[in-house]
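Q: Spelled out, the chains give:
Protein chains: 4
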Amino acid sequence: MFAEIKGLNEECGVFAVWGHKDAAQITYYGLHSLQHRGQEGAGIVVTDGEQLSVHKGMGLVNEVFRPEDLTLLHGKGAVGHVRYATAGGGGFANVQPLLFRSQRGGLALAHNGNLVNANNLKHQLEGQGSIFQSTSDTEVLAHLIKRSGYYTLEDQLKNALSMLKGAYAFAVMNETQLMVALDPNGLRPLSIGRLGDAYVVASETCAFDIIGAEYERDVQPGELVIIDDNGLRSERFVSSQPRAICSMEYVYFARPDSNVDGVNVHTARKNLGKQLAYEAPIEADVVTGVPDSSISAAIGYAEQTGIPYELGLIKNRYVGRTFIQPSQELREQGVKMKLSAVRGVVEGKRVVMIDDSIVRGTTSRRIVRMLREAGAKEVHVRISSPPIKNPCFYGIDTSTTEELIASNHSIEEMRDMMGADTLAFLSTEGLMAGIGRDSLEPNCGQCLACFTGQYPTEIYADTLHPHAKV
Amino acid sequence: MFAEIKGLNEECGVFAVWGHKDAAQITYYGLHSLQHRGQEGAGIVVTDGEQLSVHKGMGLVNEVFRPEDLTLLHGKGAVGHVRYATAGGGGFANVQPLLFRSQRGGLALAHNGNLVNANNLKHQLEGQGSIFQSTSDTEVLAHLIKRSGYYTLEDQLKNALSMLKGAYAFAVMNETQLMVALDPNGLRPLSIGRLGDAYVVASETCAFDIIGAEYERDVQPGELVIIDDNGLRSERFVSSQPRAICSMEYVYFARPDSNVDGVNVHTARKNLGKQLAYEAPIEADVVTGVPDSSISAAIGYAEQTGIPYELGLIKNRYVGRTFIQPSQELREQGVKMKLSAVRGVVEGKRVVMIDDSIVRGTTSRRIVRMLREAGAKEVHVRISSPPIKNPCFYGIDTSTTEELIASNHSIEEMRDMMGADTLAFLSTEGLMAGIGRDSLEPNCGQCLACFTGQYPTEIYADTLHPHAKV
Amino acid sequence: MFAEIKGLNEECGVFAVWGHKDAAQITYYGLHSLQHRGQEGAGIVVTDGEQLSVHKGMGLVNEVFRPEDLTLLHGKGAVGHVRYATAGGGGFANVQPLLFRSQRGGLALAHNGNLVNANNLKHQLEGQGSIFQSTSDTEVLAHLIKRSGYYTLEDQLKNALSMLKGAYAFAVMNETQLMVALDPNGLRPLSIGRLGDAYVVASETCAFDIIGAEYERDVQPGELVIIDDNGLRSERFVSSQPRAICSMEYVYFARPDSNVDGVNVHTARKNLGKQLAYEAPIEADVVTGVPDSSISAAIGYAEQTGIPYELGLIKNRYVGRTFIQPSQELREQGVKMKLSAVRGVVEGKRVVMIDDSIVRGTTSRRIVRMLREAGAKEVHVRISSPPIKNPCFYGIDTSTTEELIASNHSIEEMRDMMGADTLAFLSTEGLMAGIGRDSLEPNCGQCLACFTGQYPTEIYADTLHPHAKV
Amino acid sequence: MFAEIKGLNEECGVFAVWGHKDAAQITYYGLHSLQHRGQEGAGIVVTDGEQLSVHKGMGLVNEVFRPEDLTLLHGKGAVGHVRYATAGGGGFANVQPLLFRSQRGGLALAHNGNLVNANNLKHQLEGQGSIFQSTSDTEVLAHLIKRSGYYTLEDQLKNALSMLKGAYAFAVMNETQLMVALDPNGLRPLSIGRLGDAYVVASETCAFDIIGAEYERDVQPGELVIIDDNGLRSERFVSSQPRAICSMEYVYFARPDSNVDGVNVHTARKNLGKQLAYEAPIEADVVTGVPDSSISAAIGYAEQTGIPYELGLIKNRYVGRTFIQPSQELREQGVKMKLSAVRGVVEGKRVVMIDDSIVRGTTSRRIVRMLREAGAKEVHVRISSPPIKNPCFYGIDTSTTEELIASNHSIEEMRDMMGADTLAFLSTEGLMAGIGRDSLEPNCGQCLACFTGQYPTEIYADTLHPHAKV
Ligand SMILES: Nc1ncnc2c1ncn2[C@@H]1O[C@H](COP(=O)(O)OP(=O)(O)O)[C@@H](O)[C@H]1O
Ligand SMILES: Nc1ncnc2c1ncn2[C@@H]1O[C@H](COP(=O)(O)OP(=O)(O)O)[C@@H](O)[C@H]1O
Ligand SMILES: Nc1ncnc2c1ncn2[C@@H]1O[C@H](COP(=O)(O)OP(=O)(O)O)[C@@H](O)[C@H]1O
Ligand SMILES: Nc1ncnc2c1ncn2[C@@H]1O[C@H](COP(=O)(O)OP(=O)(O)O)[C@@H](O)[C@H]1O
Ligand code: SF4
Ligand code: SF4
Ligand code: SF4
Ligand code: SF4
Ligand SMILES: [Mg+2]
Ligand SMILES: [Mg+2]
Ligand SMILES: [Mg+2]
Ligand SMILES: [Mg+2]
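Chains as they are written, first to last, in UniProt numbering: chain A, 1 to 470; chain B, 1 to 470; chain C, 1 to 470; chain D, 1 to 470.
Each hint can be trusted.
One copy or two, either will do: identical chains are not told apart, so a pair holds if it fits within one copy or between any two.
Here are the simulated lysine to any residue pairs, SDA-like style, with alpha carbons at most 20 Å apart:
no.: 1; residue 1: K146; residue 2: Q128
no.: 2; residue 1: K146; residue 2: L121
no.: 3; residue 1: K21; residue 2: E329
no.: 4; residue 1: K165; residue 2: V238
no.: 5; residue 1: K349; residue 2: Y215
no.: 6; residue 1: K338; residue 2: E214
In case anyone wonders, no lab produced these hints; they're calculated from the structure.
Model the full assembly from the supplied sequences, consistent with the hints where possible.
A: Written out as structure tokens, the structure reads:
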């Protein structure tokens with residue numbers, strides 16, 4: 001089902017809390033608000049100061065956890081994780097947090113991101129006798145920690161992190177300490193908040209709102225934050241590098257109510273829509289957005305152009321896991337599942353259709369066709385981000401270069417393939433301006449690699465096929 | 001969970017098809033798009049011309065039907081139903097379509113609405129030896145049909161319908177015919193469409209878009225439509241009365257992409273928002289709506305006032321049946337489940353909060369509090385419909401008069417209870433103007449009873465407690 | 001799965017209690033112990049003296065009832081039912097107890113048996129305007145009660161019962177009274193017990209043992225027992241007839257720990273085995289029984305002949321609903337599911353294989369083959385009941401006459417078809433002697449119709465196809 | 001539920017097949033017949049010659065595998081496992097087979113038994129940088145293999161096995177080879193069979209009967225069997241030691257239809273019953289056994305003494321995972337769940353009650369009480385194995401020494417605690433005689449440690465608390 005519409009997948013969402021007597025419950029609600037970052041699996045590890053307990057499983061947070069499961073997770077500290085559906089399977093062994101137990105104690109790890117040197121590191125570690133049960137990068141960090149030779153978790157972790165390249169936001173917890181770390185470029189978001197006396201950490205700030213916590217600050221690139229019963233300390237494990245936060249978090253992934261590195265996502269999206277209106281105006285009767293991710297941009301485009309925003313496309317809210325797919329025959333007869341065009345709104349109209357991004361282009365083609373079948377006189381496609389021409393190696397499952405429609409076709413070719421009357425993308429300058437981060441930083445502190453091909457980190461030979469993992 | 005936010009419940013959604021070889025599949029997708037009209041139970045009866053088969057159950061459409069269930073429902077004609085969760089239980093026996101079998105054949109019935117003389121009729125029927133297994137009105141119709149003395153289903157049905165008072169949209173099917181009927185005032189919506197050679201009937205037109213059918217017309221008040229292998233015929237079973245379609249379908253129930261009696265719901269809602277802006281403007285920084293039902297009105301209000309529309313409230317999409325409720329303690333600490341305020345948008349702002357309607361007022365109070373806790377400087381509540389002061393006897397589960405906050409309190413009292421800075425409702429004139437139906441008809445062809453107390457039908461003594469059914 | 005082995009199906013099990021504050025819980029455990037009488041569906045109706053509540057569903061007792069379901073069933077009186085899987089479907093509408101609600105109150109009915117004049121009665125009732133939702137006989141009784149013209153439930157029920165022909169054990173309950181009735185021949189078992197001050201009624205006495213109740217007596221043929229807060233009263237609704245309790249309850253259906261009309265079933269079976277040894281001895285090395293129903297008879301045969309009883313056949317305990325059937329190919333390669341022969345026991349041995357009864361003969365053939373494949377040198381089949389030559393019209397789903405192997409073949413032909421070295425059945429005299437009931441009553445008070453063709457009741461024209469029901 | 005009756009738990013069941021095109025299906029049926037050895041989790045790994053695929057989960061075999069799961073497991077070789085419910089949790093990470101993946105290929109491991117030096121080995125391995133995700137011994141073997149320094153799996157495995165102490169039956173598989181190994185004392189059972197051209201290996205021979213395979217021989221103590229497309233080869237990895245197969249496999253664990261090291265379990269149990277009759281006769285009216293494990297012994301006791309065997313205790317077959325426990329109050333009123341006494345059989349009788357073994361004694365006490373409440377005049381308890389006085393370190397989860405009733409009380413004390421009239425256990429000599437293995441071997445080739453305290457292997461300091469694992 002998701003394959004019908006999606007072309008982009010976020011790796012994961014991470015949540016952690018320290019110093020709350022209902023740590024597991026808090027984490028459950030936190031993960032819940034991060035559910036859009038991953039629907040394949042979910043898990044929580046808690047510590048009561050003496051030992052770690054875990055519950056995890058495949059499915060949505062509210063499928064994995066029953067009341068009795070939560071009740072068994074006593075403790076003051078917790079790390080939670082939601083995981084997205086990888087194309088190549090993965091299954092239960094990849095569901096996080098990973099939990100390792102040794103005679104000196106346990107270690108839980110949860111991760112959002114992608115290491116570009118994971119294969120090199122695995123190779124080396126296997127040479128030294130390590131064996132792996134999952135295909136995830138996270139297990140690499142566990143082995144590096146164990147082999148570091150240092151004695152405290154803090155030193156082990158610093159040493160291990162110094163060997164990683166790529167994008168990562170890690171939460172690591174043993175019986176008595178919670179540590180979170182962000183990669184030197186700060187590619188992925190990670191924020192810290194307060195809930196009374198407790199500390200909370202989350203991939204997105206929307207998790208703070210749902211539990212009534214207050215946002216405090218974002219974790220800094222290359223920062224290691226150590227939280228325990230003595231409070232919070234900040235350490236660096238690597239010298240500072242310019243921030244390069246993923247632009248697609250603003251464009252597509254993050255929830256509109258989150259602030260990513262201080263910028264509200266809905267507001268950013270609305271401004272991208274306005275910027276797009278400025279760069280690529282058109283005469284038309286209605287503006288409509290592809291729900292849910294493009295609504296904000298569509299409202300911005302409408303606000304800027306004065307063309308009324310209308311509900312020209314609607315998404316069925318009840319399409320779940322067990323939904324029965326229409327047969328090929330019914331599909332050809334026009335049976336839709338997830339998205340449909342609203343005849344009452346678009347019939348006889350010149351329609352501006354806003355989408356957030358284009359990966360393979362198949363969804364856009366289908367939507368243009370729907371709009372025409374529902375009577376739209378003209379369909380003008382406007383995309384609130386630049387063409388995606390390059391693969392992402394930082395945890396976003398864009399297709400390979402061959403599948404990226406924009407990497408092989410001109411805009412005119414794409415317009416033609418989609419059957420749109422006109423097609424325009426936002427410029428990278430427009431993208432930066434719309435998001436509105438500090439314009440003194442290089443690229444306004446953003447990663448733009450999938451648009452420009454300029455990667456903020458080194459890329460290794462065997463990173464080049466991001467999905468050809470063991 | 002739904003109780004937290006909801007105060008209004010629609011009775012049901014009806015879907016039917018005749019003349020399609022995949023009648024059950026088509027009905028499955030149709031019901032799917034009507035899911036917002038009822039989540040408690042769903043069912044489909046099909047006929048292959050010789051016999052009726054049924055599958056129904058408690059839960060969402062995609063929970064009730066597994067692929068193998070659909071496969072077993074062979075036939076060219078089908079009637080389907082989704083049913084909402086009644087306060088007083090009901091359970092499986094009330095899940096529709098009801099199916100009766102006799103030695104002369106079967107009879108399936110599906111219903112949306114509420115009969116105001118159901119108790120009288122039941123009383124009479126029991127006196128004559130009828131016995132009832134469900135608490136639904138629909139069984140009354142079945143008994144009336146059976147006892148009518150006529151020979152053909154058409155005559156039986158006409159005779160039976162002539163005894164009903166209230167609001168109803170019925171679909172009735174035997175082995176060889178499908179019939180649909182609407183009450184004399186046309187209180188509930190019911191539309192007819194074409195899907196190739198097949199006829200389809202649905203409570204809302206959004207069901208036509210999802211299956212690729214074309215809207216043809218609405219069923220008329222007091223009309224009986226008979227569909228079989230010879231095509232469609234229209235009959236009247238009662239003299240014409242002025243149309244009085246439920247206003248709340250526009251305000252709240254219907255899906256925004258549906259056209260109700262020819263008027264697009266999203267557009268109507270946006271216009272209600274504009275009308276509200278006109279009637280009750282306010283100086284403020286942002287306009288926000290309570291998702292999902294109030295977004296259209298909020299956009300209209302923003303468009304009209306020029307105050308930017310922002311996402312100040314967000315609704316979690318993954319709150320399902322099995323979601324674990326926060327404990328009282330966590331709730332007090334601020335853990336939310338379904339709806340949260342977006343600090344990044346409302347902090348330090350003067351907020352206009354649009355909601356579609358107010359029933360008991362508890363939700364509004366909670367939302368105002370959330371907005372203030374998220375830093376809103378001022379909160380101005382604007383409601384895109386008039387105060388609900390009277391119970392509905394036509395299938396809408398508003399609370400009893402005592403529970404309706406507006407029936408016992410002045411607007412100023414309500415404002416105070418909510419903790420809002422200002423509060424305003426739309427006028428009934430504004431309601432009619434916003435929806436924009438034919439202004440020559442009485443009340444523009446709308447029922448306004450829950451606002452005005454003027455009921456379009458007679459009301460009986462034992463109708464007066466609409467939920468105190470057997 | 002069950003089809004593999006089974007050829008006989010019991011209609012149902014009935015349980016009821018009055019005067020216990022945990023009536024629903026008690027009924028849950030009672031039904032549990034009657035689970036072998038029906039696995040398709042289960043239900044409980046309770047009364048708290050003022051109103052009836054119901055929970056029922058498809059599946060096993062412990063699948064249908066979750067703790068929260070039981071908790072909602074408050075009351076001092078309860079009627080429960082387990083239902084077997086009918087060939088011709090039936091589904092939820094047939095799950096009992098049936099519950100009818102009228103403005104004068106509710107009525108719950110549960111039934112074990114089969115009416116031979118159900119079709120006649122339905123015909124008449126439909127002529128008078130009754131309509132039916134299920135295919136079960138039980139609904140007929142409800143309509144007869146309603147139409148009886150009498151005022152108290154007791155009079156209504158007596159009047160209605162007087163119109164029924166066939167085999168039945170009914171439990172009927174309204175808000176304030178529980179009534180149970182047995183057909184004039186007492187074809188089906190029904191016992192009364194005491195649990196402290198409360199009364200309990202059950203199809204089998206094993207239900208009393210599981211709840212710690214004491215057996216008091218069996219309900220008598222043609223007796224109506226009325227239980228309410230004033231205690232228990234006995235009435236007759238029909239003149240006395242000679243008892244004709246189903247022989248197959250002893251042979252196969254009832255649980256070995258039950259006493260049926262005062263006779264312990266395990267003991268009866270063991271004696272049938274001894275009787276069989278006396279009538280049809282053979283020289284052999286081991287005696288084995290088909291688990292579970294033939295173990296007792298096999299032990300009796302072994303005890304009588306002195307040939308050691310061994311475990312030559314074993315039944316897998318974990319074959320559940322969701323068990324994956326082996327493909328035809330694997331089946332041919334010898335993959336078994338439910339039953340297998342024990343090579344370590346039968347290899348090189350002359351085996352006496354005891355089974356309780358033969359319906360279509362396919363299971364016996366398969367078992368003989370298994371035993372030979374496992375190395376048995378000789379296989380002697382001994383059946384602890386006479387050949388079944390006639391259909392049962394009293395609630396036992398034997399196949400039609402054509403399918404009954406014994407109605408079309410001589411014993412020698414059957415032996416040949418099974419591939420057994422020798423084959424012998426118990427005589428009807430042996431059957432009566434083994435069970436050991438009062439030999440002064442006609443047929444020792446047993447029904448022997450499926451063996452002899454002499455039915456204890458009249459049989460109607462349209463009873464003759466017992467499964468061709470509406 | 002199981003806690004009510006059980007005091008002994010078997011670690012696991014192992015099944016493997018090589019050279020069959022439906023390897024996964026075959027393994028499914030094999031595991032099914034081993035289900036009694038473990039109900040907590042189940043899994044299958046297959047190889048198609050090129051890569052390993054896995055499916056595993058918590059629950060029964062038929063719950064873990066749906067048809068579509070099996071369909072995805074293509075291959076000619078498979079290893080499967082069923083796992084018992086450990087007291088201390090364990091959860092999914094412990095479900096086997098474990099699967100490790102490296103850049104050189106995959107490795108699957110399945111294990112039945114317990115290593116007495118697991119903690120020592122873990123300690124050493126962790127010192128060398130290994131990290132562990134599960135608490136199972138099996139992961140230790142994986143690390144030893146990986147670190148062995150050898151190149152082929154065969155050499156790696158031999159080297160690794162040489163470091164293990166204790167009881168183990170391992171199946172190890174990579175893409176191209178299946179290997180099975182048994183500990184030097186042969187403490188656990190492991191048999192080899194043929195299914196056409198394919199080889200099968202199973203913890204018990206009942207798995208061969210269900211799939212139609214032929215038993216070939218038992219794996220020998222200290223033997224490593226290598227199976228691949230070239231056939232089967234046998235190697236030794238350790239010098240021969242006297243066989244010491246677990247006596248409790250005969251007494252309790254193994255299925256009665258299995259042959260353990262050539263001896264049929266049912267026959268052995270029946271002979272234990274006869275031996276017990278010889279050692280501890282009593283005058284009585286009926287012999288009864290605790291189902292299911294003690295039926296064979298009870299029949300033997302009855303056969304030897306001439307006292308008739310009757311069904312005095314019955315076990316409900318439908319007590320599943322979701323069964324609702326009776327409240328304390330109902331329990332006291334006599335509501336039973338799993339086991340009940342048959343009044344019709346025991347009332348007024350002198351009863352000999354045979355049980356297979358006594359661990360904590362609570363079950364026996366409850367059963368004696370039940371029998372008395374059902375009217376037994378005398379209750380004589382006879383146990384078909386000697387008193388268990390010492391913990392097992394070989395994979396059997398007996399309680400700790402403190403919990404073993406026989407390690408702290410005299411027989412007279414136990415009799416008194418149980419409320420039995422008399423109590424007798426079988427002698428160790430009687431145990432050996434009854435099973436009837438080769439009497440020239442020390443202890444007839446049996447482990448008797450839990451009875452005698454003489455362990456066939458060394459026991460280490462930190463083995464002493466068998467359940468206090470990491
Ligand atoms: N509760 C929510 N309300 C509004 N938007 C949400 C919510 N949860 C997630 N989103 C947004 O939904 C978008 C993804 O959903 P959508 O576009 O409907 O699906 P897709 O594009 O994956 O088919 C993301 O932009 C995410 O930020
Ligand atoms: N797929 C959809 N997209 C947008 N709105 C929808 C959709 N399905 C139903 N609705 C609308 O949602 C509203 C009810 O949802 P909402 O306000 O979120 O819930 P509630 O008020 O019941 O908590 C109705 O107005 C209905 O028209
Ligand atoms: N808990 C139990 N213990 C022993 N026998 C039982 C139990 N429950 C039911 N039975 C008996 O099992 C028999 C039916 O089971 P079985 O012969 O195994 O199945 P089938 O013949 O239907 O395949 C009946 O005779 C019934 O009395
Ligand atoms: N299908 C079967 N038929 C007969 N016995 C079985 C079967 N499966 C397992 N067993 C035996 O059942 C015994 C365990 O069951 P039981 O005594 O009923 O349970 P417990 O003692 O664990 O409560 C073991 O001895 C095992 O060998
Ligand atoms: S390459 Fe694109 S998707 Fe990947 S981190 Fe950079 S901006 Fe985000
Ligand atoms: S009373 Fe209100 S809710 Fe009911 S039908 Fe009329 S307008 Fe609709
Ligand atoms: S015919 Fe046979 S099965 Fe039917 S009631 Fe009589 S004895 Fe029982
Ligand atoms: S100690 Fe007892 S249970 Fe353990 S292996 Fe030895 S005989 Fe078996
Ligand atoms: Mg999208
Ligand atoms: Mg709403
Ligand atoms: Mg049987
Ligand atoms: Mg046992």
